[in-house]
Structures are given as C-alpha cells and as structure tokens.
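From first to last, the protein sequence lines are chains A and B. Per this note's numbering, the first sequence starts with residue 1, numbered consecutively. Per this note's numbering, the second sequence starts with residue 1001, numbered consecutively.
Here are the simulated lysine-lysine pairs, DSBU-like style, with alpha carbons at most 30 Å apart:
# : chain 1 : residue 1 : chain 2 : residue 2
1 : A       : LYS250    : A       : LYS286
2 : B       : LYS1174   : A       : LYS286
3 : A       : LYS281    : B       : LYS1174
4 : A       : LYS278    : B       : LYS1174
Stretch by stretch, here's where chain A covers chain B in the computed footprint (C-beta under 8 Å, at least three residues):
# : region
5 : 1076 to 1088
6 : 1109 to 1122
7 : 1127 to 1134
8 : 1148 to 1159
9 : 1206 to 1213
Listed next, with one range per pair, are the computed distances between beta-carbon atoms:
#  : chain 1 : residue 1 : chain 2 : residue 2 : range
10 : A       : PRO405    : B       : GLY1055   : 49 to 57 Å
11 : B       : GLN1185   : A       : HIS102    : 52 to 60 Å
12 : B       : LYS1174   : A       : GLU374    : 25 to 33 Å
13 : A       : ALA217    : B       : GLN1185   : 54 to 62 Å
14 : A       : ARG429    : B       : ALA1050   : 41 to 49 Å
15 : B       : VAL1075   : A       : GLN29     : 49 to 57 Å
16 : A       : ALA236    : B       : PRO1189   : 53 to 61 Å
17 : A       : ASP21     : B       : PRO1189   : 54 to 62 Å
18 : A       : PRO207    : B       : PRO1189   : 56 to 64 Å
19 : A       : GLY344    : B       : ASP1233   : 43 to 51 Å
20 : B       : LYS1174   : A       : PRO200    : 53 to 61 Å
21 : B       : GLN1185   : A       : GLU433    : 36 to 44 Å
22 : A       : ASP21     : B       : LYS1174   : 51 to 59 Å
Please keep in mind that the hints were generated in silico from the structure rather than gathered at the bench. All of these numbers come straight from a predicted model, not from anything done at the bench. Backbone N, C-alpha and C define an ideal beta-carbon position, used for all residues, glycine too.
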Amino acid sequence: MRLADANTLIPRLVTTPTEPDADRALVEQIASWCDRYTPWVAIDPLGAALADPDAKMICSAGGYGGDAGLLLDVTGCGHLYGQGEAGEHALMADLVQRLSRHDFTCRAAMADTAGAAWALARYGEKQADLFCPHNGQRDALAPLPVDGLRLDPSTLERFLKLGLRRIGDLYSIPRAPLSRRFGDLPLSRLDQALGRLAEPIEPRRPPPLFRSRISFAEPIGRGEDIAAATDRLILALCRQFEQASVGARKLELALYRVDGSVDRTAIGTSRPNRDTPKLLKLFEEKLGTLDPGFGVELMILSAPEVEEWTGAQDSLPETGTPTKFSWHEDGTIDLADRLASRLGAENVVRLAPHDSHLPHRVQVAVPFATAVPEGAWARLASMKGARPTRLLQRPEEITVTAAIPDDPPRQFQWHRHTHKVVRVEGPERIADEWWHPRPAGKTAAANIVPPVRDYYRVEDNDGARFWLFRDGMVNTAKWYLHGFCA
Amino acid sequence: MPAISPKDFAPPPAGPSAALREQVRRLERAHSVQRAGRSAIPLGIPEIDALLPEGGLLTGALHEIEAGPTPSGRVAPHDGPALGFAAHMLGRFEHGTILWCRQPAIGGDVLPYAPALSAWFDPARIVMVTARREEDLFWAMEEGLRTPGIAAVLGETRASDLTAGRRLSLAAEKSSIPAMLLRAQPAPPQSICTTRWRVTSAPSPEVPGIEMLGAARWQVELRRNRFGAPSVDEMPAWLLEWNDETNHLAVVPQARDGSSGTVRRERLAG
Chain A
1 MRLADANTLI
11 PRLVTTPTEP
21 DADRALVEQI
31 ASWCDRYTPW
41 VAIDPLGAAL
51 ADPDAKMICS
61 AGGYGGDAGL
71 LLDVTGCGHL
81 YGQGEAGEHA
91 LMADLVQRLS
101 RHDFTCRAAM
111 ADTAGAAWAL
121 ARYGEKQADL
131 FCPHNGQRDA
141 LAPLPVDGLR
151 LDPSTLERFL
161 KLGLRRIGDL
171 YSIPRAPLSR
181 RFGDLPLSRL
191 DQALGRLAEP
201 IEPRRPPPLF
211 RSRISFAEPI
221 GRGEDIAAAT
231 DRLILALCRQ
241 FEQASVGARK
251 LELALYRVDG
261 SVDRTAIGTS
271 RPNRDTPKLL
281 KLFEEKLGTL
291 DPGFGVELMI
301 LSAPEVEEWT
311 GAQDSLPETG
321 TPTKFSWHED
331 GTIDLADRLA
341 SRLGAENVVR
351 LAPHDSHLPH
361 RVQVAVPFAT
371 AVPEGAWARL
381 ASMKGARPTR
391 LLQRPEEITV
401 TAAIPDDPPR
411 QFQWHRHTHK
421 VVRVEGPERI
431 ADEWWHPRPA
441 GKTAAANIVP
451 PVRDYYRVED
461 NDGARFWLFR
471 DGMVNTAKWY
481 LHGFCA
Chain B
1001 MPAISPKDFA
1011 PPPAGPSAAL
1021 REQVRRLERA
1031 HSVQRAGRSA
1041 IPLGIPEIDA
1051 LLPEGGLLTG
1061 ALHEIEAGPT
1071 PSGRVAPHDG
1081 PALGFAAHML
1091 GRFEHGTILW
1101 CRQPAIGGDV
1111 LPYAPALSAW
1121 FDPARIVMVT
1131 ARREEDLFWA
1141 MEEGLRTPGI
1151 AAVLGETRAS
1161 DLTAGRRLSL
1171 AAEKSSIPAM
1181 LLRAQPAPPQ
1191 SICTTRWRVT
1201 SAPSPEVPGI
1211 EMLGAARWQV
1221 ELRRNRFGAP
1231 SVDEMPAWLL
1241 EWNDETNHLA
1251 VVPQARDGSS
1261 GTVRRERLAG
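One chain only, chain A, in its complex shape:
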C-alpha cells in the first residue's frame, strides 16, 4: 500500500520514515549484548538479505526492524544456569526476561538446529513448543506452516497451490520430484532444519578460545570493584592458559551494563603472556577509560589471540642487571606493552631498515614485537656522513636563488628567513624507483616521489647545515628542504 492510499483510508495516520541504519545499529547492539550468553552470536543472515535492496535471496520473514533475528549457538552454555536441559530452559527464560525488561518484544526458541529454532521462534504456536528437546525437531516442525522453511515467497506460493501447507506435508514426498520441481533450496532448507545437513553459524565476532566471566548479584560501579573483578578474571584465565600451555597476545574485557549496553577495552602484548600481575598492570591504564554507566552486572574477559607459550617459567627470580641485550628477561617487552596500552601500539615502534635507495623509504617503523636484528643497519652505515640526523616526513618547498639554474643554491628562504649558503656539497643524484609507477598529475608536494632528485648538503652563514634537493628538470625545478644535518 502506498503512503497516499494509507493516508486516505486513515486521515490521522501517524507515519515515520524507516531508518534502516538505526535498526541495524540496534540489532548490532542487542547482538553484542547477547555475547553474555555465548560468544557465538550471529545476526540472522536472511534478515540482512532483506535489508539489502539488491539481495538475491529474499525470505518470507525476518529482516531488520520488524522481525530481525539473532542466532545464538548455546552449545555447552546452559550449565551456567542449571543442569542439562533445565539449564538451557533457564538460559532462554533469562534471555527473554532481560530483553523484555528493556521493552523489546521477542520470541526465543531453542532447538538442535538453527533452522528448527528459526521456524519455531516465528511460527510456533504454544509457549511450550518453543523449547524443542534433543532430536525432537522432526515432530516439532511437522505442524508448522511451510513459511518456517526460510524460502522465497514464490516457492511458498507454489507450495500452497499444491496444498503443501505444513512442513510435515513435505516429509512424505519423494525427494527427487521435489527437487526437480522446486530446485535444491527447499530440500536443503528442510535438511538443515532437521539436522541432516550441517548449517554453520558464522559469529559476528570470532569466538575466543579462552574466556572467563564473572557476574554480580548487585551491579557494581566503583573503579576498585571493577579492578578487583578484573584481577580475578585474569587469574582464572591464566589458569586456563597454563593448562593449555599458551600465553595471551590480546585480551579483551567486556563490561555488560545494566542498561543493556556493552563497553569493551582491549590490551595487546608483544609476546605470549600469562603473568597475572603484568596483565593486570596493562589493564590498569585502560580501566580508567571504561564507563560503568549505571552499573555493571557482568564482566567477561576473553583472549581473542593466544600463542604457544615460549617463556621458561612463570616466575623467574630477580636476576640483577642483565649484562647483554636480552629482550626476554630485561623487562623491555613488558615496558613496551605498558607503553603501548596507554599510548597505542602504533606509537611504540622500532626502526627497521628497508631496502630502498630513496632516503624517505629507508627507515620504516615496525611494531615493537618485530625483531630487528642487531647490525641490520650496518649496511646503511656507509652513508651516514652524507645523511641528515633528522628527516622531514614531508619535504618543505623552499625558494632558492642560484646564479644559473643548474647551479647549487646561493641562498634559500625557509620559514620566512633567508639563509645565505656559504658551503655546498653535492649534487647527489637519486633517481626514482622507475618500477613503481608514479601517480599521474601529481606534483612532488606530498609523499610523491619525483623522477630525479639532486640532493645538496649546504651550510648557511651561521654554520647550520641543511639537506636540500631539487626536484625535476632544470627549467621547471622546485626546491625542497628534506632534512637537518648535524
């Protein structure tokens, strides 16, 4: 129905424009809230297909907004709420109750297969049917309408014309004619729902191998409480690490607030780590940035990245000052981790040589954990005299006066001051890396490399030394300042 028609029928109709982005954001938020039950949470992909106007696969129900769906793989999660099936019942009840407390209308169903749960959640009639016991999906699905098979509307229409109204009606039909007539999709959907065909759920966030959780009877909000809880979580996680003989490279702490939102923070380490005090120290920098909001009811610490444990013992006795450069025992790694957790990993780097003859490409910043072998720079040591102690990340354009265009500069202007050039050394011609195509239509202003640069070391009348270069051909040349010499 069009909006105009609807307005004619009901003159006082209240309308609001659809906001697919807001819907999506809300579903994402609920999905991340659901991480409290299982790390394996996915947004129903059929819903996503509906939201996309170009989607090929349209399903009869689902989609963001009205009836968006979430798929949770809760295998092995029910024990947190009780023994066996009762625990799974309790988990589902808890989920529905908490969501409705936030004023969401939701229907949850649990079954062995995602397909069966999908159908039950949307078409199950009785509340008791929503929990499908182990291996009971065949009976549970039989009375449901065929719409529960996640098929496109045209197939469903043909099913109805043939009198196939219930899923159970399909059980007795031979498979070959069915597939000849309707294609493979109905059969594979049926097999997925009944568990004959595996249907993996792709989680939104890769599920961590290791996690520990702590839930609070009363929401907590004080910084000390959160720190104490973090300490306990790290301790529990480190025990898991010890059993698996791994160490964490990355840890993520998630705070589930009472208002349903989730706050996360992460730390990284440069080597596999399972030292509780050190990990806690890394988190200390981050805890201040976390906002407990109205209170935190659940905290989950997970390790998205672990690596095989390389350290020797978990606690080494204090050995005095190391005589030789040993990255492992001298605390440098822990220092770098601490710095990186406060300043960002991109701000704690090491300098590595790069195979290039272009001055600005010689030095690259690599993550701290990357090994730069001792003496890697030795090859470049031969050119140190001719190289500046500081290099401008962006060469600055300068105005140069020379006697004749091809001559070295007599004076140059930089930062509104004229430097008289007293002595010159050069030129040192550095050609472009011709095997890298130069972006067309751009000048040398930013990070673009000119075809040929003539470098000069010059000394001004104050004795200050600069590293200049002329970019391009003599007639159209531009001069740049590229470095400061010692």
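Starting from the known structure of chain A, fit chain B onto it as the hints suggest.
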C-alpha cells in the same frame, strides 16, 4: 668615623658560612651521587670529561641538551647538532635498549633519521615512543627509567616542567639509568638536571681555496655542571669536531686563537 680599609672588600674568610656550604654540598652529594654508586660513563673527550663528576656522564642523573641560538642571536633553525651530541652521549651506553620518547610536531613531523644515527649506535636498539601530551611523554620516560633493560632514556620536548624534571631525576637516581632531555630551544634555567649542555652549529673549518663542507663542528657549552669540578671559566665551552669517517668527536685545537681549546664566551642570561 672608621676609615674604610681595603680589607673590607676582600672575600670573607673561610668561616661558618663556608663550612655550611661545604656541608650542604656534601649532603647533596650523599643524596644523589653516592646513592647512585657514583658511576659515570666518560664521553670520550678528555677535556670535557676532566670537568665532569666521576670523569664522565653520571648514569643515574638527568641531563639536558638544548639547541642554542645562532651566532646572530636568532632561534636555531633546527636542532641537528644537539641531536648529534645527544646521540654521541647515547652511543656511550653500549648495551641495552634506548628508549626515545618524542612529541609529534604540529604540521610536518621531523623524525630522527636512523642512517645518520647508526654512526653512534645501532638504531635497532631504539624503541621510539610517540606521545601527544607532555604528561604522557614524561610518564613514558619514567616507566623507561624503572626498567632494568633500558640503557638510556631520551625525551624530546619543549616542555619544561620542574616537577616532571625532579621525578625523572629521582627515577634515574634509583635505577642508575641516565635520562636525557633534548630541546629544540633553550629552556628556562630553573631545572633539577645534573648537566645542561647547549649545542650550536659552528661553521666548517676554513680551508683556503676550498668551498666544500668540512667535518661538522659544534659549539658545546656546559651551562650547568652539578657535582662537577670547578672550571676556570664561568661557563666552559668547547668547539667540537665530528669526524664521520673515524666516528670520533674531539675538541678542535685552536692554536691560532691562543687558547688550549677552551673558548671563553660571555655569560648569557641565566
């Protein structure tokens, strides 16, 4: 009316005040130098090492290196020479990681360039830390000073914070790791640092008939020398020459000037 005798203008005899001064001096030493084990690393320049306490750069102390104004009195166009002198100091500490903390410049950033630094030490030893805020920079330096594997901590900043300086100095004393501050501009003279150096570029040696660049020369002033030997000059200064072939930094003999390498300069404010 008593006549004014020349005696009244003579310096006061070594009385209680001098003794007191000596006592304060000893207390200061006991507090700083002796606790740090009095270890120092010579700079490798005999003329300078002779004036420094323990014959070199104290390890557990804060040292400041600043780029001085040009001879014409302007702000130095860049701190290349000061960086070179700081790198020379860092190079004297042969083992361990060098923690290099810096604040990114607004506008184009100017990074230290490792091919040049490799003259003094292996750039693979550097851990480069970029901190946007001053407090983060000082925090990173302090954390570095508490880590046994660190050879030296260098901070590049324009900020001069007395409290931060004192904290750095104390942290350095505790761990015997030297802390250095490299400044692109002279900072106010109030500071807790043990030594303060001002490095200015100096013109290449004059060789008649040749207009090529010679070896790099720096005018280095020792503006503050706590616990050091007294010097004949108020503020000792030297003209140093960096030989990039032998990697050797030495005082330029200035026979033509008539002095033995020490250049007398006017005392600047501060």
